[in-house]
Amino acid sequence: MESLITAAARALEAGDPLGALNRVALRNDAPSLALRGIAMAQLGDLAKAKTLLRSAARAFGPREAVARARCVVAEAEIALVSRDLSWPAKTLASTLAGARATLASHGDLANAAHAGHIEARRLLLLGRVDEAEGTLAEISVSPLPPASLVVRELVVAGIAIRRLKTRDARAALDRAGKAARQAKIPALVAEVDSANLILDTPAARLIARGSEHPLLLGEVERLATSTALVVDTFHHVVRRQGVAVSLGTRPVLFALARLLAQAWPADVSREALISGAFQARHVDESHRARLRVEIGRLRTQLKPLAEISATKQGFELAPRKTRDVIVLARPVEEKHAAVLAILADGEPWSSSALALALGMSARTVQRALEELARSSKVQSFGHGRARRWMTPPVPGFPTGLLLPGPLLKA
Amino acid sequence: MKRSAAEIVTEYGPFPGVEAVHGVTYDGTHVWFASGDKLNAVDPANGKIARSLDVAAHAGTAFDGRHLFQIAEDRIQKIDAATGEVLTTIPAPGGGGDSGLAWAEGSLWVGQYRERKIHQVDPDTGKILRTIESKRFVTGVTWVDGELWHGTWEGEDSDIRRIDPDTGKVLEQLDLPAGTMVSGLESDGGDRLFCGGGEAGKVRAVRRPRRG
Numbered sequence: 001m002e003s004l005i006t007a008a009a010r011a012l013e014a015g016d017p018l019g020a021l022n023r024v025a026l027r028n029d030a031p032s033l034a035l036r037g038i039a040m041a042q043l044g045d046l047a048k049a050k051t052l053l054r055s056a057a058r059a060f061g062p063r064e065a066v067a068r069a070r071c072v073v074a075e076a077e078i079a080l081v082s083r084d085l086s087w088p089a090k091t092l093a094s095t096l097a098g099a100r101a102t103l104a105s106h107g108d109l110a111n112a113a114h115a116g117h118i119e120a121r122r123l124l125l126l127g128r129v130d131e132a133e134g135t136l137a138e139i140s141v142s143p144l145p146p147a148s149l150v151v152r153e154l155v156v157a158g159i160a161i162r163r164l165k166t167r168d169a170r171a172a173l174d175r176a177g178k179a180a181r182q183a184k185i186p187a188l189v190a191e192v193d194s195a196n197l198i199l200d201t202p203a204a205r206l207i208a209r210g211s212e213h214p215l216l217l218g219e220v221e222r223l224a225t226s227t228a229l230v231v232d233t234f235h236h237v238v239r240r241q242g243v244a245v246s247l248g249t250r251p252v253l254f255a256l257a258r259l260l261a262q263a264w265p266a267d268v269s270r271e272a273l274i275s276g277a278f279q280a281r282h283v284d285e286s287h288r289a290r291l292r293v294e295i296g297r298l299r300t301q302l303k304p305l306a307e308i309s310a311t312k313q314g315f316e317l318a319p320r321k322t323r324d325v326i327v328l329a330r331p332v333e334e335k336h337a338a339v340l341a342i343l344a345d346g347e348p349w350s351s352s353a354l355a356l357a358l359g360m361s362a363r364t365v366q367r368a369l370e371e372l373a374r375s376s377k378v379q380s381f382g383h384g385r386a387r388r389w390m391t392p393p394v395p396g397f398p399t400g401l402l403l404p405g406p407l408l409k410a
Numbered sequence: 001m002k003r004s005a006a007e008i009v010t011e012y013g014p015f016p017g018v019e020a021v022h023g024v025t026y027d028g029t030h031v032w033f034a035s036g037d038k039l040n041a042v043d044p045a046n047g048k049i050a051r052s053l054d055v056a057a058h059a060g061t062a063f064d065g066r067h068l069f070q071i072a073e074d075r076i077q078k079i080d081a082a083t084g085e086v087l088t089t090i091p092a093p094g095g096g097g098d099s100g101l102a103w104a105e106g107s108l109w110v111g112q113y114r115e116r117k118i119h120q121v122d123p124d125t126g127k128i129l130r131t132i133e134s135k136r137f138v139t140g141v142t143w144v145d146g147e148l149w150h151g152t153w154e155g156e157d158s159d160i161r162r163i164d165p166d167t168g169k170v171l172e173q174l175d176l177p178a179g180t181m182v183s184g185l186e187s188d189g190g191d192r193l194f195c196g197g198g199e200a201g202k203v204r205a206v207r208r209p210r211r212g
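Protein sequence lines correspond, in order, to chains A and B. Going by this note's numbering, the first sequence opens with residue 1, and the numbers climb by one from there. Going by this note's numbering, the second sequence opens with residue 1, and the numbers climb by one from there.
No lab work stands behind these hints, which were simulated from the structure alone. No residue lacks a Cβ here, since even glycine has one placed at the ideal position from N, Cα and C. No incorrect hints appear here.
Far from chain A, by Cβ distances over 10 Å, these chain B residues were calculated:
#, residue
1, S4
2, A5
3, I8
4, A41
5, R66
6, E85
7, G168
8, K169
9, S187
If the Cβ cut is set under 8 Å, some of the chain A residues that face chain B in the computed set are:
#, residue
10, E2
11, L4
12, R23
13, R63
14, A65
15, V66
16, G107
Given these sequences and hints, build the entire structure.
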């Protein structure tokens, strides 16, 4: 290849995007455009990077299929980093798969693997954990350059965290850390460090017998095998080992169950239940009637797990087959916690990508974002369809556990 | 024009720690190749790297009987082969778009990759003396027995071709197997042409057809 292109490519590989730009900043031939695109992406100007990579793909001749495929892969990665998840679904998934096949058939296994990792990361981000794992399994491992190894292990760790397998996650992050130091790319080392933080900062709060304390992810994992009756506010589920009652569509019943569980073994007064579950300021007779109806409904729902009995001043929970009742709650309780949890990864998201990842309607997400923005909990940039939302990562508010998905599915 | 399949006689490498071969030359004993931040001397008898010089080496390599010449970024470095010291540098004619390098008849010959050109350059000043047009992206360049050969690499295809130095007309063409790249070219003065293998990190010896 050419001298300056070689020099610029080597600078990029060594994590020096400015050095790369210095060498090809004024050139507009196809390989220079591609290198400039990747350098701009590394410097964080994703919009400019996308344009450059598009023109590079056009500028490469029809016989330069590998170079074209590399541009497609780079553009896909930019789409991933800018959380542009909606358009890759149809267009990109097929072009990315095509590019991956082209690279593999021309012996560029490292970049073919990179394309596969991008697909796995996208699936993981969308909460499609099994598919992400399947995609990862298709990628032949050896010999991967250290930087690719880091990405691979981060995906493995992400899958393990979402499945609450902290030991697997830790092992993967150890391997990622080793590979990152070998790659000598500071950004990768930092990414592994911040992933490690997820395991070392509280992921949840445990409330039992009137007191509460923070839980690490590993402790949440051990909780999955506990025999206690758990009121799980992440999934709006009441469960004991294999038996689970989902109250996801019954917010009032779930609120009552939680109030009763938090107070257990003490009872809860009617007034406290009414104001806590109905958000009523003044308690009147109609509220008391409604409480009787809702408690009756909850009693039916919880039958396999617990009994609810009336006391002199209110109601109390009596769990079956266990002597322990705990509430598993978010470290910080917020309205729109699910939206905040996704944004806590520090990356800019489009509202449509958020809706896709959360399985909510775009309008609901939009309303939540606007409300959060009014209280300065999130910020946006860009306009129209290019608008992106983000929040600085909150310490103690890790992304791993809070991303939607089957939290406690073994 | 004669056209035939290239006959690969020997393959050297891949070499430990070498990601790609960017340029190739021959000093009569060793085959030198550029690997980004090093110039490496390979013993063609056993295929092992005998010694390496720490010098920026991004594209073509040449040898004038005493010095090594090496393209780095947009310059051509003149290097003391014994010490690895860079003695002088001249600007490369392609301003960094340069690829192959050869020494012949007191001049340097530089391939300009995407421009599909070969420049004859004054080795002291870097002045372009004349320019030969090729039909393909030019990688390695070499002269042997008055024949001008150059490597091409366009798309996924590479070949080695002998061209008329006056008209640029292709006189003879050796096609490499699909997926085999030529990133540098040097004659051993006899019937072997050493070819850099690009990202494969190899150096190959291809038989030069005898004429007549």
